[in-house]
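These protein sequences, in sequence, are chains E and U. Counting in the working numbering, the final residue of the first sequence is number 547, and the numbers go up one at a time with none missing. Counting in the working numbering, the final residue of the second sequence is number 1415, and the numbers go up one at a time with none missing.
Since the hints were derived computationally from the structure, they do not count as laboratory data. If a hint is listed, it holds; no wrong ones were tucked in.
What the simulated footprint calls covered on chain U by chain E, stretch by stretch (three residues with Cβ under 8 Å from a Cβ of chain E suffice, anywhere in the stretch; the number is not a length):
no., stretch
1, 1345-1351
2, 1358-1368
3, 1373-1383
On a predicted model such as this, the values are computed, not experimentally measured, just so you know. Backbone N, C-alpha and C define an ideal beta-carbon position, used for all residues, glycine too.
This is what each chain is made of:
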Amino acid sequence: MTEAAARQGPWGERSDVVAEAASGAAQRTHPLSIVTGFISTLPQMLYAIPALLVGGSKAIPYLIFAIPAILLFAGAARWLAWRHFSYRIGADDIRVDHGVLRRQSRSIPFERIQDVGLEQKPVARLLGLAAVKIETGGGKGEDAELSYLKLADAEALRDLIRDRKHSALDGPDVAAETAAAADRSVETTGNAASFGAPLFAMDNRRLLLAGLFNFSLVVIAAAAAFFQQFQNVLSFDIYNPRFWLGMLTDVGFNFDIGALRSLGLIAQILTAGGAIALLIAIGVLSGIVRTTLREYGFRLDRVPAGFRRRRGLLTLTDVVLPAHRVQAGLILSGPIRRHFGWRELKFQSLAQDGKGSGDHNVAPLAHPREILPILAEAGLENSADPGSYHRAMLGPFMLLWSILALLLCIPATVLLFLIPLAAPLVYAAAACLPVLAWLRWKHHRHVVHAGQLYVQTGWWRQRLTLLPMVKTQSIDLTYSPIDRLFGTNGLVFGVAGGSSSFPLHLRALPEAEAVSLRDRIMAAVAQVDFSEMHAPR
Amino acid sequence: MTDLAEPVAAPIAIGEPLWGESDGLTRVDPGYRWVLTIRSALIGLALLVGAGAADFALSQATAMPQGTVVGPVALVVLYLISALPGRRWRRLGYDMSEDRLRVARGFMWRTDTIVPFGRIQHIDVDQGLLDRGFDLATLVLHTAGTHNSTVSLPGLSETNAAAMREAIRAHIKRETL
Chain E
11 MTEAAARQGP
21 WGERSDVVAE
31 AASGAAQRTH
41 PLSIVTGFIS
51 TLPQMLYAIP
61 ALLVGGSKAI
71 PYLIFAIPAI
81 LLFAGAARWL
91 AWRHFSYRIG
101 ADDIRVDHGV
111 LRRQSRSIPF
121 ERIQDVGLEQ
131 KPVARLLGLA
141 AVKIETGGGK
151 GEDAELSYLK
161 LADAEALRDL
171 IRDRKHSALD
181 GPDVAAETAA
191 AADRSVETTG
201 NAASFGAPLF
211 AMDNRRLLLA
221 GLFNFSLVVI
231 AAAAAFFQQF
241 QNVLSFDIYN
251 PRFWLGMLTD
261 VGFNFDIGAL
271 RSLGLIAQIL
281 TAGGAIALLI
291 AIGVLSGIVR
301 TTLREYGFRL
311 DRVPAGFRRR
321 RGLLTLTDVV
331 LPAHRVQAGL
341 ILSGPIRRHF
351 GWRELKFQSL
361 AQDGKGSGDH
371 NVAPLAHPRE
381 ILPILAEAGL
391 ENSADPGSYH
401 RAMLGPFMLL
411 WSILALLLCI
421 PATVLLFLIP
431 LAAPLVYAAA
441 ACLPVLAWLR
451 WKHHRHVVHA
461 GQLYVQTGWW
471 RQRLTLLPMV
481 KTQSIDLTYS
491 PIDRLFGTNG
501 LVFGVAGGSS
511 SFPLHLRALP
521 EAEAVSLRDR
531 IMAAVAQVDF
541 SEMHAPR
Chain U
1239 MTDLAEPVAA
1249 PIAIGEPLWG
1259 ESDGLTRVDP
1269 GYRWVLTIRS
1279 ALIGLALLVG
1289 AGAADFALSQ
1299 ATAMPQGTVV
1309 GPVALVVLYL
1319 ISALPGRRWR
1329 RLGYDMSEDR
1339 LRVARGFMWR
1349 TDTIVPFGRI
1359 QHIDVDQGLL
1369 DRGFDLATLV
1379 LHTAGTHNST
1389 VSLPGLSETN
1399 AAAMREAIRA
1409 HIKRETL
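Sequences are here, hints too, so could you generate the full structure?
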């Protein structure tokens, strides 16, 4: 159907592409796309040729056949792919159909289009072609690519899509839209004047304190990993004590292992204590150094575009996180900093904060009262009464770990007869498992308050997620065999940004509570018009 | 326990059945059972070939009677082909309402997903080779969430999938006005 509808002009020359596209007729990309696609596969052939040449002169007859055959095959595949690719610019959406064997038909409503851009790769540029890339704000790059069109057509098509998009959005001003297009976090060199008092800043004393809390033995782990990796190259074994003893002797210490033994228990304890103190010192120092490098001169400002954060000692970064891109607030605290009343605030956002984590650190070490104004600027609050939180059911948390603990008791009992001293250790370890599970349950709480979902998790490193209900993208209600045993459900929330392997997860809620919570959040979401969601406020 | 300031927006369906046939879910096209059966059969065939090879090697090397591996594997394959597709089909259902799509699947580990139409970024209708043989299609909804960035509903008839896409898209349009 689409093939028939895709009218094709004379080879390479069609001036009315955009006019036809605007009328809603299915369009193919420019036929020269086959050539660009074909040329882009050629470098792969270069790898194949030396591999074939290894076969010596015997390979040449095969090569004479193989190369044209492969080229023909690649060309035919490109041609097929091109013939089965078509797009239509409808009144409400853009349709992109493709696939030879496995067909896909994509519909992108104009209301959801975030950005339309052009891209010219070298080969395409030589042929005067450009790709039109369409983004809809999902976390995974562009969502449709029309490659390739003649540059003039591509530009006209981009303008057409932008026009349709604006009329679809009931004509908000173009300036706001271009701002929305450019609203991913931009790293710029810090030069603009600052606006009055910062929303949050850290002086050197606070920085030092943050460094102390960031105690980490990562340096040692990294060094160990390094030595492990280069063991063979280094020609010595760091796990061999003789190597270290030998080194000490080289420097002038006359070390005798027998002498160490004869020093007695107290000396050995002292040595062990010294080693532990050294480890702690390294951990503290590395924490301070790493924190200082990253957070030095930390300053968060509220600028019209959003939150502007400047920090860094050697590498200065200056990042603007648009306020409307904030999906949720995360208040974190470790076991020691919690004791002293310190918290860390992050914003979950679609824009990435450096590599790996999608959460923007907006206050590395702050008092709860310093956090509230930052939250307020993002339209969040932390006002739920701590007593109003709901707990999950205990059973599903305990079951597996209790069974595991009981299983551990079997080898412990066997050990009781073989090595009586070791058995209590295993018993103790077994007893720890249910205790840990209980702690995890005790700190797994949630409450809905003033349109926000509060989820508290983790007992060692506590994490409070403040999620406005309307920022929910989807909700899973999940059952596992354990849940079925206890009549409970889990709720897994689809939220933009954050980790995909550890989504926001409420475990072990009684079934009626889980179902009603989901309905309540979904009702809140359904009342909102999201087309304007990405527009700056 | 809950805060009283927050009015409950929708009637709460406590105890809404999530199991069995009367759970408010629509089953997908019966033809999808065949797609599942053929897929199971292909996997089963691969398993049988592997088991046959292992069986042969073992019977050559040791005194094991032939069929010690193939026998149990054949039973598993029989289950894969005869019982599992029907069961998976029965456990897969959807419910499309005014403003949201609900997709539920699985038995031991059941997942019941709701996507509000207002949160859909774009919509795909996919057709694999097997789907094409039975005029079936998979509706794929893309959301901005990191978890559930795509929610797919397989086994819809081609016309139904297209109609659902139009309905969802029309809703996105309507919401703007």
